[in-house]
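Engineer: Take a look at the letters that make up each chain.
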Amino acid sequence: MNGGALALVRARTVLLGPAGHDEAAIGRALGELAGGGADLADLYFETTAMRSWRLEGGRVTQGGFSMRQGVGARAAHGGQVSFAHSADMREGALLDTVRAVRTLARHGDAGRYGQGIALTRTPAGHHLYPAIETVAVEDAAAWIALLTRIDELARMQDGRIVQVDANVRATDTTILVAEADGLLAGDVRPMTILSLVVIAEQDGRRARGQAGLGRRTGLGGFDAASVDRMVAAAANMALNNLDAIPAPVGQMPVVLGPGYPGVLFHEAVGHGLEGDHHRKHLSAFDGKVGERIAAPGVTVIDDGGLSGRLGSLGIDDEGTPPDRTVLVEDGVLTGLMQDRLNAGLMNARSTGNGRRQSYAHLPMPRMTNTFLANGTADPADIIASIDRGIYATEFDGGQVDIVTGRFNFTTIEAWLVEKGRLVAPVRGATLIGVGHEALRHISMIGNDLAFDTGMATCGKQGQSLHVSVGQPTLRIDRMMVGGQAG
Amino acid sequence: MSALLTQDEADLRDAATRAVEIAARRGASARASAHHEGIARIAVRHGEVETAERSGTQVLGLTVFHQGRRGVASTASFDPAAIERLVDEAMMIAQHVQPDPDGGLPPAHSLAYTGISPLLYAESPRDPDTLLTAAMLADRIASEVAGADPRLRVGESVAVATEGLWALATSDGFCRSIRRSNDGRWSVMLAQDGGGSTSAFCQSQERSVDALALPEQLVRTAADRARAALGARAIASRRCPVLFAPRTAMSLVSDLAGALTGIAQFRGMTFLRAPLGQRVAASHLNLTEDPFEPLGLASGPFDSEGIAGSARPILRDGVVEGLFLSSVSGRKLGMASTGNADGFYNLRLTSSAPGGDWPAMLRMLGTGLVVTEFQGGKTDPASGNWTQAIKGLWVEGGEVVHPVTDVTLAGQMPAMLNGIRAVGDDVERQGALRTGSILIDEMQVGGKA
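So the protein sequences, as listed, match chains H and V. Note that the numbering used here gives residue 266 to position 266 of the first sequence, counting from 1, and the numbers run on in steps of one. Position in the second sequence (first residue = 1) + 486 = the numbering used here.
Here chain H stands alone, though its shape is the one from the complex (with noise of 0.2 Å):
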């Protein structure tokens, strides 16, 4: 259980007691923070605990803490924003922050300048991850074993593994987010996240395996399986790249393993169908709301509400409970994702995808979990559907640009197939297209819908968010391929 009364009182405890004050207090700040006539006007409270440990070569190399907490205090005046931020969140510093507010937007003192805000409403209760602390400091030493027993695994692997660096880092956020309509949310987000990077040597020649795990958990929510399968993913992706051989040049048709490379559909679609781009008219999906824009059979969803994803949250950073959100349903551009000041905007509703990365940034619509849904084919036969093309199973992030909708991925592991079979790995191959025209040119659709393991993150002007996403396999006819073969 979290959220709902139960998130409220942890907040009490961690955001407000040290603070010393309550809410009424923060009803107060917030009647002077909507005075003047605003639209929409919150605060958000935040505490932010982080513990890392880093083993190298089997030893100890590094470790970590870090601490932050403040208030960010918003106001908006149809499309005008005015933003300040303070760590320090006691009453005479949440009111400096609030006036520093109405400074910049201008407002003047009318309105309800001065009268308090009941904060009468907190949303239900959510189960999609525990309440729960990670950054105990007692645990250390559990910490230290499990890395442990991650570089003894990935030596087991093969002997060609010369180098293993182990990384875990646990964060533990607390926020309260209070708004004028007089809504008072709290949510504690546990996070820990895994991460692997391991050498192997052979005759010389070096090559680089990676591989993560991350979940809104603590050490106890990590199963022995899922820790094997990342310890042997980074092993053989390093395994496979010492043997990689240049990528090839030109355009060909690409499949794409299920899991990460789903990424293709967070930067080719979920991007441009984000409600502050439609809003200024930047993305290149305007106005194409209820047209076909990709092949049929193609549908693409956002789902803030799964269990176990690390884009999962049982309320966005606004208070709204996530939505269910089709962005595309079998080819047609269907819905697109809002925050509370651009769904006010655009007479929409928020879809729950409010987010920011802290107290001291604006929230903006971002993804969730962004996934293309399941088809029919057996992803043997898309691989066995290639003449000569890319296979393509992992990529080190990717990019795009939301104005044109091209996009950019690079691989860090991938194959070159050939008669509908995998013919040799191949290195630093760059997958490059429009994303308009990539989803036009998918042609097959697997069955094996499956997501990322818990280490994908998505930048949004300067601000990093975790995110999650995930696709079955898919063949995708014609896509330009960038590598060092001439």
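Read the hints as simulated data drawn from the structure, not as lab findings. Yeah, the Cβ is synthetic: ideal placement off N, Cα and C, and Gly gets one too. Among these hints, one or two may not hold up.
As the list claims (entries may be wrong) - One-sided and incomplete, this derived list gives chain V residues near chain H with beta-carbon spacing under 10 Å:
1) Val535
2) Ala559
3) Asp586
4) Leu676
5) Arg849
6) Ser869
To be verified - Straight-line C-alpha distance at most 25 Å; calculated DSS-like pairs for lysine-lysine:
7) H:Lys419 - V:Lys934
8) V:Lys864 - V:Lys934
9) H:Lys460 - V:Lys864
10) H:Lys280 - H:Lys460
11) H:Lys288 - H:Lys460
Given the coordinates of chain H, work out where chain V should sit on it, guided by the hints.
Structural biologist: Below, chain V without anything else, positioned relative to chain H:
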């Protein structure tokens, strides 16, 4: 007291010193860094404010060394209880970390207790009204420019001001602080024709408002860049000479410098192994570092270990003369710190080979590809494999024929550095880096089959 800051240098020195003293009482040697930054930012479009922001951040970072073991912790709160907790956490971490014989504070005699402190702060108006006026002016100019060309649309115009303080204290009695300022302006313009849309921006970043580029210049450059990219198309795969415009040439300098950092060297994550005294680039190339340039964007009197850098050659006639070392990476390589614990200071790439202005560089390119923008890709630091998706221009006989997109460019960093034929006089600065355009003999272009 500045309009953006809520604490002064003495507050930060006190917080850092307090953390070091508590750690010292528990038997550890320590250093603490206190940062405080205030930012104001206004974004305007179509005569309306889109966002107006004020932010104030602070962080106190502590590194302790206890019996050869290191612990690191940070806090955003400077109150006494938070600083006690900070020391507790750092000491706890040090109990669990393995000893590192190369760790520990640098020798006290190497610290910059006194010495040159380059000018990093300029008095300039940085209040929200000033920023609003600046952003509104740029927006008005953008509307005029867009009004004169039906293909253009106005994007946002942004004005931002930052002031920051940094104090460093160590248990060897080092305690110094600095004040920095940063002013930025940028404008976004969009262009559209039957073939699609493009957007482009142009920015100026300085430590003083007086030094910023004029809004007219930012808007017109952004508009020119957006228009120039209209109608871009792929070209066929080929090998050809490539001219990197200054904004993209900088990443080559950055990749070269990154390969010469101590951490890349001792971890073996570099395409330039044991490079000192080796010729790694064309023999007409020189790269110099200057930590002390007044108002330089990457200037500083000392690094986060308290060690000063020096004005020096990094590359002379293509031969490596210096690395970027901290005390730790220096010890691992058997060398002294160069005062580069936080990376490199201001770098300048020059060439003794004939260069020229932009048109002259295009003529020197002859027939080949100009790179104006990277769309994504990477450099593998260990192998030097370099791949980027790029936007650019196709040039024949020194004349631009059409804009290019949807192609990739690939090469090997060592071969690319040796293949540099000329560096232009069209020098631009971005952060720590200064370079003109860079002409490379031949690279692999991946495009249409």
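Engineer: Determine for every hint whether it applies to the structure shown.
Structural biologist: Cross-check of the supplied hints:
no. : hint                : verdict
1   : Val535              : holds, 5 Å
2   : Ala559              : holds, 4 Å
3   : Asp586              : holds, 7 Å
4   : Leu676              : holds, 6 Å
5   : Arg849              : violated, 27 Å
6   : Ser869              : holds, 8 Å
7   : H:Lys419 - V:Lys934 : holds, 21 Å
8   : V:Lys864 - V:Lys934 : holds, 21 Å
9   : H:Lys460 - V:Lys864 : holds, 19 Å
10  : H:Lys280 - H:Lys460 : holds, 16 Å
11  : H:Lys288 - H:Lys460 : holds, 22 Å
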